[in-house]
Every structure is written in C-alpha cells, then in structure tokens.
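Engineer: The lines below spell out each chain.
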Amino acid sequence: MDSQAIATHPEHEETAHEHPPFLRHHFATVEQQRETATFGMWLFLLTEIMFFGGMFCAYLIYRNWYYPAFVAGSHQLSIVLGTVNTAVLICSSFTMAMGVHSAETRNRKALITWLLLTIVLGCVFLGIKADEYHEKWEKHHVPGLNFSVHDFVRENPAYPDDKPLPLDMADKTQVYFSLYFAMTGMHALHMIIGVSLLIILVARAWTGAYTEGHVAPIENFGLYWHFVDIVWIFLFPLLYLISRHQ
Amino acid sequence: MSTIVMLPDQQTASLPKRSYLNEEYGLKSWLLTGDHKRIAILYLISITIFFFIGGFFAGMIRLELLTPPSDLMAADTYNKMFTMHGIIMVFLFLVPSVPATIGNFLIPIMVGAKDLAFPKVNLLSWYLYVVGGILVLAALTLGGVDTGWTFTTPLSTHYLNTHVITAGLAIFVAGFSSIFTGLNFIVTIHRMRAPGMTWFRLPLFVWSHYAASVLMVLGTPVLAITLVLVILERVIGIGVFDPAKGGDPLLFQHLFWFYSHPAVYIMILPGFGVISEVISTFSRKRVFGYTAVAFSSVAIAVFGFFVWAHHMFIMGVSNYSALVFSLLTMLVAVPSAIKIFNWSFTLYKGSITFETPMLYAFGFMGLFTIGGLTGVFLGSMGMDIHLTETYFIVAHFHFVMVGGMLMAFLAGVHFWWPKMTGRMYPEGISKLAALITFVGFNLTFFPQFILGYLGMPRRYAAYPPEFQALNVLSTAGATVLGVGYVLPLLYLAWSLKYGKIAGSNPWQATGLEWQIQSPPLTENFVETPVIDYEAYDYEWLANKTKHEVQTVG
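Keeping their order, the protein sequence lines are chains C and S. The first sequence lines up with residues 351 to 596 when you count with our numbering. The second sequence lines up with residues 215 to 767 when you count with our numbering.
Extracted from the complex, chain C is given alone in its bound form:
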C-alpha cells in the first residue's frame, strides 16, 4: 500500500501542474475563467452604456428644444482641440490593441512599451481637455459657477453668419454647457480611472504577470479603454460639430 501511494504521488503532482497559478479555485478550466471574465466585462460595459445613456437622453431632448442655443454653444468650442483629442484617443486605442497583441504573443517588453504609450496618450487627452475647461472658465461659460450670456447675445467673431441669440434663448446655452461639462466630465473621469488602472497594469506587467498566458486582465481592460474611446467618438460630433452639415 505504502509503496503504491509513493508511486502514485508524483503523478498527482504532475496533474496539479496542469493548472497554471492564475487559475482561480472556483473555475474548472482556464477557458472557463477567461470566458467568465470577458462576459463580466461586456456586461459591465452595458451598465456603462446605461450610465452615459441618461445624459445622451437629456442631450437629445434639449437639443431638439433649444437648437439655436446648442449651435451657439457648440460654436464656442475649439474644433481644432476637439479633433486633436479625437485623434489622440484613436491612437491610444491602437496602442492598447497592440498591448493586447503583445500580451498574447508573450512579449513583455512590447507590452510594457505599448501600455506606457497608452498612458501618455491618455494624459495628453486629459491635458488638452483641462486646457479647454480653463478656456471655458475664462470665457464665463461654466453654468452655476461662472456664467454670463454676454458671448451669446452678440455676434461670434469666429462665425460671422451666426445671428446673436435673443436673451431667453441665450439663457438656454446654460443647458448646453451643463450637458457639455457633465458628459465630458464623466468621460474624463473614466479616462482618469483608466489611466490609474493602466499604471497598476504596467507595474504588474513588469513582473511578467500577463505574458505567461494570463491575458484576460489586459484584454478586458482593453475593452474598457475602447469603450471610453467610443463614448468620445459620440461626444465629439454631438458637442463640437452641431450644424456642421449646413
């Protein structure tokens, strides 16, 4: 009996080795663990759609009600900065996708490089956004704290074709800017959370955590990052490009 037990013991060791260290105890297989995590992430993104959806719904209604105010508000934004930021975010989605690819091909150095690049691009976006916010503050476009209708009851030098708004409609630009700050603010908050998570991921990737087959965290973070990017892809035309088609 004893000799048999000793003989079978190494075999048990070997079967135990089939389970990689990152397999959590309550999953049967690595495959199940990975599918579960990805499914959870997609579901989380669904909740995020509903979260932003409330604001998009408000935007839809007020834009229909106060279209001239929304146009006037939109014409106070810098299309150049908005376009640059859109380009920056799309690039960051590319670097993130390359990061996921590097994790899959088990290339630690490339993974770290791509993640760091993503952090840099994320920070560039946030920097430009902060600059835009600062400009809004100086132009008295922040509803509640620092707002004046002054810019909307006179001609906008950048858009000589726009007529000045009557005072009651000029007041409604506050709704536009409320939504502008709420929507881009929530988006920026998601970016800040994303960059913070990226820093943690880089620190872990440094120790080789994601380049030995355990790709799921990078992959799922990538989903989150692309989602935040897509939100911006909607925000950019809705906030910056109103009346461009005319």
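Because the hints were derived from the structure by calculation, they are not lab data. The model shown is predicted, which means the values in this text are computed figures rather than measured ones. Take the hints with a grain of salt, since some may be wrong.
Chain C side only, calculated, beta carbon under 8 Å to chain S, not exhaustive [to be verified]:
#1 ALA378
#2 TYR416
#3 GLY494
#4 VAL525
#5 PHE531
Don't be surprised by glycine CBs; every beta carbon is placed ideally from N, CA and C.
Given chain C's structure and the hints, the job is docking chain S onto it.
Structural biologist: Relative to chain C, chain S alone:
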C-alpha cells in the same frame, strides 16, 4: 401528483466537523473573505441592522399619526422621518434583502458552482453597501434629509437646506453595490453551471434572480447618473433639471422612475423565487407550469422597463403617452397572475404541511395579490388621479413590499436557516411570529386603503380629526407588526446556539443545496455535481433516499 417522503430522524443528525463557518476564525477572516456564503452572512447582519433603523422611523411616523395635529414632532421633523424611512427601507433593505443575502448564499450552490464568478467583486459590493449605509447614517446624524425618497427636483436641488448631497452620494454608492451583485449573478448563471444543469433544470429561484439581476444591471446606472446630475446641480448649479436655466424637472422624473419602477421588480422578483421553492417543497410537488413561471419572471423584467410613466400621470405628461403607459402597466398584471395561479395549482392535490416558511408563503400570496391588484387600480388613469399621493398608494406599495417582499424574505430566512447555520429555528414560536406578522400587517395597512380612498394625503404630519379612528387602528397594527419582527430576531439568535441540529435536508427538498451538508463546506461540493434530474423531482429524491438506506443497511 405529490410524492411523500418521510422526514428523517433529526436525533441522529450531527454538525459536520468542517464547514464554511469554522474554516477560519477571527474578524479578518470574515472582512476579507471571498466566500459567497460568508458575504451573504455579512449582508444579512448589515441589512438587519438597517431594517430595524428604518423600522424605528416607521414607528415614529405611526406614533405621530396617532393624533390628528402634528404634536409629537414638528412638520419638518416628520418629513425627515418618512424620508429616512423610505431611503433606508428601499435602498438599504428591500433592494439587497433577498438577492444579497439568500441569493448570494444559494445561487452558486443551486447552479452547482464553488463560488460566484467574481468573489472579490462580491466582497467589494458588500463594502460599497456599507459605505452607502454609513453615508446615510451620516446624513441622518448631521440633521437628516426631507426630500422624500424620490429626491424630487427642484425641491431637492433648490429649496431645501438638508443633507441631500450626502444622501444622494449614499444611494449612488449603494447603487453600485447592487449593480455588482446583479452582474455577478448573471455571469455566474451563464458560465458557472455544473455539467447537466441546463437552463430548464435551474430552480425557479435562480430564474427570478436572473430576471432581477437584468433589472439591476440595466436600471441602476440610470439612477446613478440622475443622482450625479442632481448633486452637480446642487453643488455647482448646472442646469439640466433647473427650469430657471432651461432644464426640465419632468426629465428628472422620467430618469428617476426609469430606474425606480424597475426597482420595484428588483425588490419583488427575488421574493417570487423564494415562494416558488417554499411552495413546492411543502406541497411535495413540482411547481405547476415550471416554464411559464420561469418566463413570467423574464416577462416582468421586460415589461418593467416600459411602465415608468405611470408614476407621473398627474405631473403633466401627455394624455397619449399616459394612455400607453396605463395599458402597459396593466400588462404587468398578466405575468404576476401567472405566478399566483401556478402556485395555487402547485398546492392543488399536494401533500401540504404548514411549517413556518409555508405560513409566510401563504401570507405572501394573499397580500401580494391584494397589493398587485390595487396596483392595477392605480395604473388606470381615472382612478390614479383620485388616489395618487394619498394613503391608498402608501397601502398599495406596502402590501407589495412589506406584505410581499418582507414575507418572502422571512419565508426564505426560515426555510434556509438550517442550511445557513446547521440548526433549526424553534417551530412553535416561529409559527406564532408568522401569525402575528400577518395580523399586524393587515391591521396596519388595510385601514390605509380606506383612508386613502377617503382622501387622506400622504406625507403630512397632520390630518383632519375624522380620520383618527382608522389611523389609531393602523398605529395599533404597527405595534403588533413590530412584535412580529422582533420575535424572529430573538429566536433566530437563540437557535444559533440552542437550536436542534438540522441535518443536511430537514425539509426533504430536492434542491441541490439540500443534497450537501449544512452548513456547507467552503467549496460547497466535495466534487463537481453532475445533474441528471429535473428541478423539484420528488420521485428522484425518494429513490435516492431509498437507495441510501439500502446501501447503509
């Protein structure tokens, strides 16, 4: 037909040596646990605390309404009382009541998994709940909130100087706790089912939790963003809901009720799950029309998203949309009735026994039916305009929430208490408590239907003297109800030490959770179960028991 299984002799049962309760000791092992069963216990303790805090406010409200003038407390104190009662009971008790406690404990076991899909997220959701709870208590101790639990703008954003921001943040945070619970359940039910556990072998408890989770995951984020906008409006003065700046308060109502109406189904659907299990077990029959009951949960979840504007009939929504929402509201009665009828058919020709969970389940069926039908009254526009904002509506949602959900919660706690703790509750006194609860509940809330119909408005500290007799009845009932709620607290605590040892399957129920030891092991199953029988298959259980006896003999 029902299959009779003899109850096993509990004299011979003994507590298992190893279980999730004694796997580790110490406070840290609880506060940092990833075990869904321990997190369920943490939730059970915290929601019980908040239930009694919320209950205290209910007591104060009833005490004030004992006499017509506002004499016990000033009118604005009364406003704070009903607001704190509403916030605590809705967000800190009813929403997490069954899912976060019983659901958390049972869903992994019922699908045959070792844990929920994301144990750390599960623990995080409890911590978010606690942070939300602490923020509510902070708002309370700083001086309270008096918006009502609905945070109606512009009252909440402009006209009150109470702690709306703290309370709003509390609900925002607690909301994420419920999102994470729902997300965890959905992923677990999809991805963690044991071999052979097909969708139509799942207990109906799992189906109803699945439907409730869909509502949590899709509805709660909308509440979260709405509260963010209210907080931003209050703190820095943005104008999304502010009419002075061009915003529309009605939009707030739309967004708020887009969550808060489905939230009603978040609160009741898990209760349906409990009732299905209890009714089947104590009639020893498969739930009649399993598929219909399962899909009626899903139907309630789907319809639940398209009826929110029935809270707004008097708020100036267009007559045409009110008409559509009124019709859709009545549609919800169909799946609800399917459930009630199917449970009744389950009882038909069953071998019914009257254990405590069954008594609560009977209470649920009666009271929920009244609550649900009065909901149809309120869904029809003409009636609604007469009855809304009166005590009729208060009575209606208390019949559904307290008479329905709280009864279901107590049924569930009693039913699974042996599984959670390994010990039985005392049967005699618990039957008495169920009876007291039922009598107290009817005495408290039935007079309110009449009061509301006669025109007594809700949310006022004072009322005309002709309403006093019915209000005295209601307050007397609340006292009885209070006794009915304190009793279980006492005897369940007592049973932790002195209760009879339960054994693994004291009810001879068919669920997977009853086929493992009580209290369960941390990993739930010694080896992954393979399911080759339908849910509620008492024949299978009888054969299995016979087989076990033969092998032992």
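Engineer: For each hint, tell me whether it holds in the structure or not.
Structural biologist: Hint-by-hint comparison with the structure:
no., hint, verdict
1, ALA378, "holds, 7 Å"
2, TYR416, "holds, 6 Å"
3, GLY494, "holds, 2 Å"
4, VAL525, "holds, 4 Å"
5, PHE531, "holds, 6 Å"
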